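Number of protein chains: 2
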Amino acid sequence: METVTRRRTVFDLFVIDADDTLWESALYFERAEEDFILLTRSLGFDSPSVRRLVHSRDIERLALTGYGARPYLGTLRAVLDELCPRRPSWADSAFAEISRALLEHPVILLPGARQSLEWLRERDLPMIVYTMGEQDHQLSKFSRSGLSDLVEECVVVERKTPEALADLLSSKGVEPSRSLVIGNSPRSDVNPALKVGASAILCSRERLWQAEKEDILDPGRVHHLETLSDLPSLLSFLEAAPDSASRDL
Amino acid sequence: METVTRRRTVFDLFVIDADDTLWESALYFERAEEDFILLTRSLGFDSPSVRRLVHSRDIERLALTGYGARPYLGTLRAVLDELCPRRPSWADSAFAEISRALLEHPVILLPGARQSLEWLRERDLPMIVYTMGEQDHQLSKFSRSGLSDLVEECVVVERKTPEALADLLSSKGVEPSRSLVIGNSPRSDVNPALKVGASAILCSRERLWQAEKEDILDPGRVHHLETLSDLPSLLSFLEAAPDSASRDL
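These protein sequences, in sequence, are chains A and B.
Reminder that position 40 of the first sequence reads as 1108 in our numbering, one-by-one numbering, no gaps.
Reminder that position 63 of the second sequence reads as 1131 in our numbering, one-by-one numbering, no gaps.
It should be emphasised that the hints constitute simulated quantities derived from the structure, not laboratory data.
Just so it is clear, the structure is predicted and the values come from calculations on it, not from any experiment.
All C-beta atoms, glycine included, are put in the ideal place defined by N, C-alpha and C.
Heads up, none of these hints are tricks.
Among the chain A residues that face chain B by a calculated CB cut under 7 Å, a handful are:
#: 1; residue: Leu1106
#: 2; residue: Leu1107
#: 3; residue: Ser1110
#: 4; residue: Ile1176
#: 5; residue: Leu1177
#: 6; residue: Pro1179
All chains should be modelled from the sequences, with the hints used to inform the complete structure.
Here you go:
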């Protein structure tokens, strides 16, 4: 039996999701929706019906508009136009304020986010923040998070597909099997990783946008963490473990 | 028995509260608090303890700082300094963003708010918007509400006491017994009205800031409305009713 002698680094690249993995995000989409419901209630519309309409239009439009705050606000405005094409001007002012609140929401790091990135950085482990949506909006949040002193690169794609992930890994010259994807979404983080042959960690959150819910393709290959605070201890454990552990979490 | 011949106007002045009577307000204080709890959780503090600390400091500081968004943010900052005097810079950035979100929250009218003011205005019934807090912050919300085309005056006082209300009525030359105060707070709207001899309508809201909870002094003299949408029908009823009805709602 061959003996492995090189100093093992567990992975060659850590691909870390941003929204709801490093910082709060879905919370602010929920608030924009709540405010929209209050606004339409004030205009005389039944709240449960408006909510159902928003959710169905959101799913319909996703394929056309892509992900992100502005596309979502576009959906809300389309619903407003549909329900109430001739509305008082205060409703348009309120809608503009709801939009601004979502586009400029506070960037509040999740527990362990900064500490985990510091831990990776201290060990010189290559990492990329990888997120989907609109370039300027995502980069603004990355800059406001104060994490750009730890991670040099934040890659924004329109949609996180297996192909987009494969392209990213290939552009970095990294074997998928030597990379680890960390995120909160089964659909956008975990399943694409499994499809290209990368490892995956799911940082579950109670708050998950409906469109991100999906069964995990191969649950046995995915490790769950409550928060990113537990990442260093998991990685230390892997470093100490037999070689096989680095492949199948 | 004397016959009343003059055209009866039910009240000589309507004194209408703003925050949580005309538009959403407490919701945004709750959100600022929720974000503050998330921020301190990310800094490693236990959320239920932080919440208890915020509530007790808020009550302690009210007497010193007065009401309003900035005083409340001052309390949150004091708690942050107390818990975590040496903190990473991202926490200060996040705190600044939480502050901005509260100071510039969307102004979303409550159901019936605009329609009721239009109804009063069409009947030439004198009304004042009367609110407490900081002058510039309250006037900014009044202007953003789009209601200033209906109501000429928005009076801001530091604190809504019976004395402040008596001063307001006297400055307008209105007998307290001929005025009607409409608001959502037992402590700040209803009880001061009862104390000076005015009538009062409570527009109850589920969402009521803890410091505003207080027993109503004389419940028999206060009428409850679910929303301001019901105000016109109530006032029409009073106009049609015998004279005594205008005094004791």
